[in-house]
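Model the full assembly from the supplied sequences, consistent with the hints where possible.
There are 2 protein chains.
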Amino acid sequence: MVDVTHPQPAQAPLTRDQATAYSALASFFRGISGLRHVEAIAAWDEATMMPEGSSNARAEALSALRGLIHEQLGRADVADWFSTSDQQAEQLLPWEKANLREMRRAWLQAVAVPRDLVEAASLAESHCEQAWRKLRPANNFSDFLPLLREVVRLKREVARHLGERLSMAPYDALLESFQPGLHQQHIAPLFARLRKVLPGLIGQAMTRQEKEIAPARQVQALRFPVEKQRKLVVEVMRRLGFDFGRGRLDTTHHPFCGGVAEDVRIAIRYHEDDFLPALAGVIHESGHGKYEQRLPAKWLGQPVAQARGACIHESQSLLHEMQVGRSEAFLTFIAPIVADALGTPEDSGSAAFSAGELRRRLTRVTPSLVRVDADELTYPCHIILRFELEKGLFDGSLQVDDIPAAWDAGMRDLLGISTKGNDRDGCMQDVHWPAGLFGYFPSYLLGSLFAAQLFGAAKGALPNLMDDIRRGAFDRLDSWLEKQIWGNGSFLDTTQLIEDSTGAPLGTEAFEAHVKSRYVLGES
Amino acid sequence: MVDVTHPQPAQAPLTRDQATAYSALASFFRGISGLRHVEAIAAWDEATMMPEGSSNARAEALSALRGLIHEQLGRADVADWFSTSDQQAEQLLPWEKANLREMRRAWLQAVAVPRDLVEAASLAESHCEQAWRKLRPANNFSDFLPLLREVVRLKREVARHLGERLSMAPYDALLESFQPGLHQQHIAPLFARLRKVLPGLIGQAMTRQEKEIAPARQVQALRFPVEKQRKLVVEVMRRLGFDFGRGRLDTTHHPFCGGVAEDVRIAIRYHEDDFLPALAGVIHESGHGKYEQRLPAKWLGQPVAQARGACIHESQSLLHEMQVGRSEAFLTFIAPIVADALGTPEDSGSAAFSAGELRRRLTRVTPSLVRVDADELTYPCHIILRFELEKGLFDGSLQVDDIPAAWDAGMRDLLGISTKGNDRDGCMQDVHWPAGLFGYFPSYLLGSLFAAQLFGAAKGALPNLMDDIRRGAFDRLDSWLEKQIWGNGSFLDTTQLIEDSTGAPLGTEAFEAHVKSRYVLGES
Chain A
42 MVDVTHPQPA QAPLTRDQAT AYSALASFFR GISGLRHVEA IAAWDEATMM PEGSSNARAE
102 ALSALRGLIH EQLGRADVAD WFSTSDQQAE QLLPWEKANL REMRRAWLQA VAVPRDLVEA
162 ASLAESHCEQ AWRKLRPANN FSDFLPLLRE VVRLKREVAR HLGERLSMAP YDALLESFQP
222 GLHQQHIAPL FARLRKVLPG LIGQAMTRQE KEIAPARQVQ ALRFPVEKQR KLVVEVMRRL
282 GFDFGRGRLD TTHHPFCGGV AEDVRIAIRY HEDDFLPALA GVIHESGHGK YEQRLPAKWL
342 GQPVAQARGA CIHESQSLLH EMQVGRSEAF LTFIAPIVAD ALGTPEDSGS AAFSAGELRR
402 RLTRVTPSLV RVDADELTYP CHIILRFELE KGLFDGSLQV DDIPAAWDAG MRDLLGISTK
462 GNDRDGCMQD VHWPAGLFGY FPSYLLGSLF AAQLFGAAKG ALPNLMDDIR RGAFDRLDSW
522 LEKQIWGNGS FLDTTQLIED STGAPLGTEA FEAHVKSRYV LGES
Chain B
42 MVDVTHPQPA QAPLTRDQAT AYSALASFFR GISGLRHVEA IAAWDEATMM PEGSSNARAE
102 ALSALRGLIH EQLGRADVAD WFSTSDQQAE QLLPWEKANL REMRRAWLQA VAVPRDLVEA
162 ASLAESHCEQ AWRKLRPANN FSDFLPLLRE VVRLKREVAR HLGERLSMAP YDALLESFQP
222 GLHQQHIAPL FARLRKVLPG LIGQAMTRQE KEIAPARQVQ ALRFPVEKQR KLVVEVMRRL
282 GFDFGRGRLD TTHHPFCGGV AEDVRIAIRY HEDDFLPALA GVIHESGHGK YEQRLPAKWL
342 GQPVAQARGA CIHESQSLLH EMQVGRSEAF LTFIAPIVAD ALGTPEDSGS AAFSAGELRR
402 RLTRVTPSLV RVDADELTYP CHIILRFELE KGLFDGSLQV DDIPAAWDAG MRDLLGISTK
462 GNDRDGCMQD VHWPAGLFGY FPSYLLGSLF AAQLFGAAKG ALPNLMDDIR RGAFDRLDSW
522 LEKQIWGNGS FLDTTQLIED STGAPLGTEA FEAHVKSRYV LGES
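Line by line, the protein sequences are chains A and B.
One rule links them: number in the working numbering = place in the first sequence (from 1) + 41.
One rule links them: number in the working numbering = place in the second sequence (from 1) + 41.
Hint data in this document are derived by calculation from the structure and do not stem from the laboratory.
Some clues are possibly wrong.
The list that follows gives simulated cross-link-like pairs (lysine to aspartate or glutamate, EDC-like), each with its CA atoms no further than 20 Å apart [said to hold, decoys possible]: (1) K500(A) with E550(A); (2) K432(B) with D454(B); (3) K500(A) with D541(A); (4) K237(A) with E553(A); (5) K432(A) with E191(A); (6) K500(B) with E550(B); (7) K272(A) with E268(B); (8) K461(B) with D184(B); (9) K269(B) with E268(A); (10) K269(A) with E268(B); (11) K339(B) with E101(A); (12) K500(A) with D519(A); (13) K339(A) with E101(B); (14) K432(B) with E205(B); (15) K272(B) with D291(B); (16) K461(A) with E429(A); (17) K237(B) with E429(B); (18) K272(B) with E268(A).
Here are some, though not all, of the chain A residues that point toward chain B, as calculated from beta-carbon distances under 10 Å [what the hints assert, rightly or not]: (19) W85; (20) M90; (21) S95; (22) N97; (23) A98; (24) R99; (25) D291; (26) G300; (27) E303; (28) G342.
Sample of chain B residues lacking proximity to chain A, with all beta carbon distances greater than 12 Å (derived) [stated by the list, open to error]: (29) A120; (30) P240; (31) N463; (32) V561.
C-beta atoms are modelled at their ideal positions from N, C-alpha and C, and glycine is treated no differently.
The structure is reproduced here in structure tokens:
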């Protein structure tokens, strides 16, 4: 991280308007941050605590708050402050300059889209998402189609407005709202390279694992009471350094890390017939949570203190889940903790909880239809498919009606499996599109790539890092991550942050080396 | 309840401005209601779920939201709508007219006080309340004094502004904000009458109970695990008709009923050495909760749909806790449920959980220093004392420095016990004053009086009501309460609601008859 605390440079005295404009913005955005805090807690409550009968009232309440935040950002005096503070920009401290840039980013995104379009899109998305919950299990694409058409129609409008205001292609404008600075021109070559090398790697990995002992079956026959699993994952969060003084763990249907930096709310789900989803889930979400908890405290409440977008956020969760969490070192550390928490005195020494068995189960490669169940090596294929389809939807080369056919073709091409007649596990499998989340998917794979690159840099900077991990000592790694990433907030642009922390722009080399080592050579 | 759904009367056509002003206000207040929903959930979270380290950020976030609501209410167009809608008032439907009155009430309260005074008062109250948490256990009044002085100084300013705007005495203006329409002129004669009769009743009750078997001691020696108590009180809430599809029960330090009508959040505390606080607490809070859950659904989101102030709210909780909950009939119904939940096979038939034993413990009269631990008969004395002191503080006849002496004199006079040198259990015992809640205390006793009066009316209207209660059948009572009180929302003024539902203005007769019957005669 560059030095952001160096003394204020000599500067020309500010006029009164200039001096007040930045302060006015800082105070305004601190208020917005408070509103976002309350919004985040109400949204967390909706996903974890709220009784079902309250959902309509909650939806309306959250929409009132979001509408008000949008309205506040559109205030005339806010626009005036931005134009006045422009003249002042050169005289701000470096962190204030970055803060002003981030304020402007948030402001432009909000004011670019007319309020009636925001509301229409939000309504169409609510309808489509609610219908999707019922239509997906019924594998009913034909009733889903008109709803998704409407969502895409309105999202194209939103993307057009955003793109015009930000001077970029519509789909780039959507990407920009999730991972600032990473657009199609950056993403396409990386994904193209992976598209080329992955089939070979997957084939080699499957050939190799045929010779290995298959994961034992007996563990699947055991039952793991939720209370025992909860104790285990809380212990794992503690060991990983999650601060329960400023965060919680709860239960939900779809695992997430929410809340705010000062109050991080992780939620996961439990399956009584297998403990691995909860364990892997909590390691993943802890990566998100630690990032939030160690954002720069001195700037909290300001946009510059926020996490640097979805790609970097996913890189922190994936660094924890994949780079650390499935390594031989980590599994050696965690195996006795798992056995302690879940085993009985009779079976606690059994192979079911051994590091080797955990590793075999967590690194099994099998092409499959559903993204969230995919292994580390086939997972990128799912994202590449969604990226290609989203690109088509927003450059007009793909229509909503043609998604199922395009999906099936993509899956056959990428993984050799078909979704024909099975839209439930094809294009209807994710909540993202019905919810209007176009442009988010790439962050999962970009996050994997950066996680590999960043963890490689960490190993270079921290000799014997894997020995630390084998002992469950994460302090050195955390300090390094805090220095490189967490404590930076949004001070640097995404691309600059990537280069400063790893010495290179985002590439596929580290990820390729990582999966080759783990899946083809059976190392680490 | 009067008929509020009758057809719209013939009326002169509205001008465009008039027609839109009321609609604009209705739409505006629906938005405010959404913001209040989110505020209520974040405040509930703060009291039940939030990790301690997040308290500063949460305080700031809630303050940002509250400030914004205050700012919204002060908007110039809102004032314009009110002045235009005045001319339209006669042409609105009855419920809309009542809604307009309630909108104006909320608006006047908000705009009467300058924002900088609101913020200064809120800050002083935060400081005083935080200090109180430490100074009360230390019995340290001298360090508490300057903080409370500042709270009172600012609250006097607030009350002066409110009083000027509402054309009433400063203390009446504070009372008005909690129980609209019930001011000193209504309260003082009622409390004066009770001051006269209570000492005699307390004496007679204590004489009578000396002849009764004292409550058994063995129950206090038992342990009651929280999980068992929780199951018991959830069952009690279910039997009482609390709707868990639109509400929850959680754990907290200070029992409350929060959330919103569509999502009622009850929270209580548990003591492992006694189950009665949790049981009594949950019956009390269920009274609040049922009122909220059965407010008029057709108006929800509008001010007219809200509960009719603190006095009526407390009357519903006290009707449940005292009138119903400590009756012989209810205890006969609940005793086997308690034994089932808490007893072991060996002791479940024991006297510890018998209706008679529950009754002896719940109706024991003992003058004591701490309000929240007081029995039903001595409780009013605590409120009378606070009312008299609050009146003095706001008419200038009592200064903050003289509170301890005045408190001691009042307690000796009312209950024959002294708080000299014991401010911890004297004037420092409640959070209300450090938190700036002046004018709230009377609602507890007004609620007791109205609960007795209302329950008397219910018994008159519903023959064999006590037989229903003995069988745990609350439907008829609930329907009657819904018709008389709950479904009315804020359609009627407090005084009109009291008269319409009971046929008389608020008095002490029903309460006197009730406590005489239960405590002096040992009936019901």
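Per-residue hint verdict: R99(A), partner chain B, C-beta under 10 Å: Interface hint status for R99(A): holds (7 Å vs cutoff 10 Å).
Distance restraint between K461(B) and D184(B), which requires alpha-carbon spacing of 20 Å or less: holds (17 Å)
Given pair status - D541(A), K500(A), alpha carbons within 20 Å: Roughly 16 Å separates the two Cα atoms, so the pair holds.
Pair hint K432(B) and D454(B), alpha-carbon separation not exceeding 20 Å: holds (18 Å)
Pair hint K339(B) and E101(A), alpha-carbon separation not exceeding 20 Å: holds (15 Å)
Given pair status - E268(B), K272(A), alpha carbons within 20 Å: holds (17 Å)
Agreement of K432(A) and E191(A) with the hint, judged by alpha carbon distance not exceeding 20 Å: holds (18 Å)
Agreement of hint S95(A) with chain B interface, Cβ distance less than 10 Å: Hint on S95(A): holds, closest Cβ of chain B at ~4 Å, below 10 Å.
Consistency of the no-contact label for N463(B), given chain A and a CB cut of 12 Å: holds (35 Å)
Interface hint compliance - N97(A) to chain B, C-beta minimum distance less than 10 Å: holds (8 Å)
Reported absence of P240(B) from the contact zone with chain A (all CB gaps over 12 Å): holds (47 Å)
Proposed proximity, E268(A) with K269(B) (alpha carbon, max 20 Å): holds (17 Å)
In the structure shown, no violation is registered for any of the earlier numbered hints.
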